[in-house]
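Student: Top to bottom, those sequences are chains A and L. What the first sequence shows, in the numbering used here, is residues 1288 to 1607, in sequence order. What the second sequence shows, in the numbering used here, is residues 1288 to 1607, in sequence order.
Since the hints were derived computationally from the structure, they do not count as laboratory data. Among the hints, a few may not be true.
Unchecked claim - Listed next, the in silico DSSO-like pairs over lysine-lysine satisfying Cα-Cα at most 27 Å (straight line):
{"id": "1", "chain 1": "L", "residue 1": "1405", "chain 2": "L", "residue 2": "1452"}
{"id": "2", "chain 1": "L", "residue 1": "1536", "chain 2": "A", "residue 2": "1547"}
{"id": "3", "chain 1": "L", "residue 1": "1485", "chain 2": "L", "residue 2": "1455"}
{"id": "4", "chain 1": "A", "residue 1": "1405", "chain 2": "A", "residue 2": "1377"}
{"id": "5", "chain 1": "A", "residue 1": "1348", "chain 2": "A", "residue 2": "1377"}
{"id": "6", "chain 1": "L", "residue 1": "1571", "chain 2": "L", "residue 2": "1348"}
{"id": "7", "chain 1": "L", "residue 1": "1452", "chain 2": "L", "residue 2": "1289"}
{"id": "8", "chain 1": "L", "residue 1": "1475", "chain 2": "A", "residue 2": "1478"}
{"id": "9", "chain 1": "L", "residue 1": "1536", "chain 2": "A", "residue 2": "1536"}
{"id": "10", "chain 1": "L", "residue 1": "1547", "chain 2": "A", "residue 2": "1539"}
{"id": "11", "chain 1": "L", "residue 1": "1475", "chain 2": "A", "residue 2": "1475"}
{"id": "12", "chain 1": "L", "residue 1": "1478", "chain 2": "A", "residue 2": "1478"}
{"id": "13", "chain 1": "A", "residue 1": "1536", "chain 2": "L", "residue 2": "1547"}
{"id": "14", "chain 1": "L", "residue 1": "1536", "chain 2": "A", "residue 2": "1539"}
{"id": "15", "chain 1": "L", "residue 1": "1377", "chain 2": "L", "residue 2": "1289"}
{"id": "16", "chain 1": "A", "residue 1": "1348", "chain 2": "A", "residue 2": "1363"}
{"id": "17", "chain 1": "L", "residue 1": "1405", "chain 2": "A", "residue 2": "1475"}
{"id": "18", "chain 1": "L", "residue 1": "1539", "chain 2": "A", "residue 2": "1539"}
{"id": "19", "chain 1": "L", "residue 1": "1455", "chain 2": "L", "residue 2": "1289"}
{"id": "20", "chain 1": "L", "residue 1": "1547", "chain 2": "A", "residue 2": "1547"}
{"id": "21", "chain 1": "A", "residue 1": "1536", "chain 2": "L", "residue 2": "1539"}
{"id": "22", "chain 1": "A", "residue 1": "1485", "chain 2": "A", "residue 2": "1475"}
{"id": "23", "chain 1": "A", "residue 1": "1348", "chain 2": "A", "residue 2": "1571"}
{"id": "24", "chain 1": "A", "residue 1": "1547", "chain 2": "L", "residue 2": "1539"}
{"id": "25", "chain 1": "A", "residue 1": "1289", "chain 2": "A", "residue 2": "1455"}
{"id": "26", "chain 1": "A", "residue 1": "1571", "chain 2": "A", "residue 2": "1452"}
{"id": "27", "chain 1": "L", "residue 1": "1571", "chain 2": "L", "residue 2": "1289"}
{"id": "28", "chain 1": "A", "residue 1": "1377", "chain 2": "A", "residue 2": "1571"}
{"id": "29", "chain 1": "A", "residue 1": "1377", "chain 2": "A", "residue 2": "1452"}
{"id": "30", "chain 1": "L", "residue 1": "1478", "chain 2": "A", "residue 2": "1475"}
{"id": "31", "chain 1": "L", "residue 1": "1571", "chain 2": "L", "residue 2": "1405"}
{"id": "32", "chain 1": "L", "residue 1": "1475", "chain 2": "A", "residue 2": "1405"}
What the hints assert, rightly or not - One side of the interface only, derived from the structure: several residues of chain A facing chain L at Cβ under 8 Å:
{"id": "33", "residue": "1521"}
{"id": "34", "residue": "1522"}
{"id": "35", "residue": "1524"}
{"id": "36", "residue": "1525"}
{"id": "37", "residue": "1530"}
{"id": "38", "residue": "1532"}
{"id": "39", "residue": "1534"}
{"id": "40", "residue": "1549"}
Just so you know, even glycine gets a beta-carbon here, dropped at the ideal spot from N, CA and C.
Number of protein chains: 2
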Amino acid sequence: MKHEIIIDLLGSDMGPQEMLEGARLVLEEFPDVCVALAGPRALIEGAGLPEGRYRVLEADKTVTNLDNPIEAFYSKEPVSVFKALEEAGKCDDVIGVISAGNTGALFAGAIRFLLADKTVRPCIAAILPNSQGGFTCLVDTGASIDCGPAQLVDFAHRGSDLMRKLYKLESPRVGLLSNGAEPTKGNKLVKETHALLKVEEGINFVGNIEGNKTLSGLCDVLVCEGFAGNQVLKNSEGMAVNLITEIIKYGKTHQQPAAKEIAGYLMSRFDFASLGAGIMLGTKKLVMKNRGSCSRVAVRNAAQILKNIADNKTIYESIH
Amino acid sequence: MKHEIIIDLLGSDMGPQEMLEGARLVLEEFPDVCVALAGPRALIEGAGLPEGRYRVLEADKTVTNLDNPIEAFYSKEPVSVFKALEEAGKCDDVIGVISAGNTGALFAGAIRFLLADKTVRPCIAAILPNSQGGFTCLVDTGASIDCGPAQLVDFAHRGSDLMRKLYKLESPRVGLLSNGAEPTKGNKLVKETHALLKVEEGINFVGNIEGNKTLSGLCDVLVCEGFAGNQVLKNSEGMAVNLITEIIKYGKTHQQPAAKEIAGYLMSRFDFASLGAGIMLGTKKLVMKNRGSCSRVAVRNAAQILKNIADNKTIYESIH
Chain A
1288 MKHEIIIDLL GSDMGPQEML EGARLVLEEF PDVCVALAGP RALIEGAGLP
1338 EGRYRVLEAD KTVTNLDNPI EAFYSKEPVS VFKALEEAGK CDDVIGVISA
1388 GNTGALFAGA IRFLLADKTV RPCIAAILPN SQGGFTCLVD TGASIDCGPA
1438 QLVDFAHRGS DLMRKLYKLE SPRVGLLSNG AEPTKGNKLV KETHALLKVE
1488 EGINFVGNIE GNKTLSGLCD VLVCEGFAGN QVLKNSEGMA VNLITEIIKY
1538 GKTHQQPAAK EIAGYLMSRF DFASLGAGIM LGTKKLVMKN RGSCSRVAVR
1588 NAAQILKNIA DNKTIYESIH
Chain L
1288 MKHEIIIDLL GSDMGPQEML EGARLVLEEF PDVCVALAGP RALIEGAGLP
1338 EGRYRVLEAD KTVTNLDNPI EAFYSKEPVS VFKALEEAGK CDDVIGVISA
1388 GNTGALFAGA IRFLLADKTV RPCIAAILPN SQGGFTCLVD TGASIDCGPA
1438 QLVDFAHRGS DLMRKLYKLE SPRVGLLSNG AEPTKGNKLV KETHALLKVE
1488 EGINFVGNIE GNKTLSGLCD VLVCEGFAGN QVLKNSEGMA VNLITEIIKY
1538 GKTHQQPAAK EIAGYLMSRF DFASLGAGIM LGTKKLVMKN RGSCSRVAVR
1588 NAAQILKNIA DNKTIYESIH
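Excised from the complex, chain A in its bound form (with noise of 0.2 Å):
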């Protein structure tokens, strides 16, 4: 069968143009892949991509994170990200959409086309590395804010689902963000979740994880609410990028010259940027949502984990 992945252009803050590189990079690299572009024709038709290999998704709009999410979806123009979505619903070659747009268009787009379920939210996942020399799933990462303990066991099933695709884990381990581990500790959501999760079937609880044993490797999949969630995730990359920033300052000012190669050591094993796309969860086709600010490599990343998974391949491999 062949394997289609669509592309929206707009929306990053790098500019088409590094979308498009990341296309490039996406055709070369994986031989028995097609792309689809959502964005401008002109842009697209002359960027000398191998022909037969992509097509375009005609679009010269997008939504900033000014802009509201809802009244976008009612354009008289068509919108990149919409349009992408809306193809990604309707063709069963597609494998997945990567977007580095606005996240709450790319919501409000995925409930509208590729809701899997018409009584569940989706959510966003990013898969982080742990201390353990292995993956958490972190999920949700931002997306669904402001909800109750039945999402975050929906959320706990879905990140299970993902860990067992994705690195073949019988049982994958769900942690429950807390701030203690004890399990008298939390907000009265979390000490909700946590006497639901406790009981639930097809679940590996293992308890509240607190701040700091985040990455710790002490489970595969880590739930909390949107907004939590979207501290541990920024947090850690600033925190990393604190430390490295400051290696590098350490490195000139004490002419130390070996500050640098630590410091390019730790930023390709925390790497944020690559590593951290979000995998949206509980859609009939994959989503990678990407940071707004994403390379190139990370939209070749992006497009390795959905060819993984429609392959049933793990990802051990290739981000290692």
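Keeping the supplied structure of chain A fixed, place chain L upon it in accordance with the hints.
Tutor: Coordinates of chain L only, in the frame set by chain A:
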């Protein structure tokens, strides 16, 4: 005026001996300070502390993380943390209390014995190193969970007051933790608080701060609800530990001796264990909440902050 600091010896993960050694450091370094020690009489009297500079608040019982703090309140035996707080409320000479015990018990005791204003709940702030070389006051760090927008506005005032006192900042910049920098981003609580802070008198509100910018020095006071603040605090710490551990591992596997030097530098720069004591705000006397795992040096540093506030000095000199 005589300055006395009360130290709760029990409840720390490191045992009462480490807290006692902290008290010894305080007495050695600050000749004009006396201490009152809450704990077992035999232990305190056998420690060989300088005569006339300490007194005993006898108490053999503590509150563990598994106890219910409210039940402990009605215990027949004296509990060290309650004894410490009660004494602080009674004696004019006391400039503050230091404890590394259960936060819930400390909170309950502070409400009972030290509340400045019956209409507000206390909160716990942390002073964290930011990447501009300065400090950011994070408030609340986990004491006030599930609170409303009016409480967050209150945290903004108390954090601003503290930063005015500690660093002589005229108009501390107040940021609001959110899942995006735009004013439209946030959960319900953050959106409501944003609207209030924008028009609040006496608050220099600089807008929403994203999770990857918490310690970037964009604000002097970072306001958040306790659950989210706890994530920021512990995540930053956990991530710093992860990266430092990676550097040490790298040094060993790659025979790079400079790795140890760089790890040591980062440990001094991002030393959460000694810097990260929480400061309870909204009480008649200052209460320093140290980590359960706090070292004797952390006790000394907490005393330094109490002393500087009492002496009306900034803490720049002492922490830098």
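Student: Which numbered hints turn out to be false for this structure?
Tutor: Structure breaks no hint.
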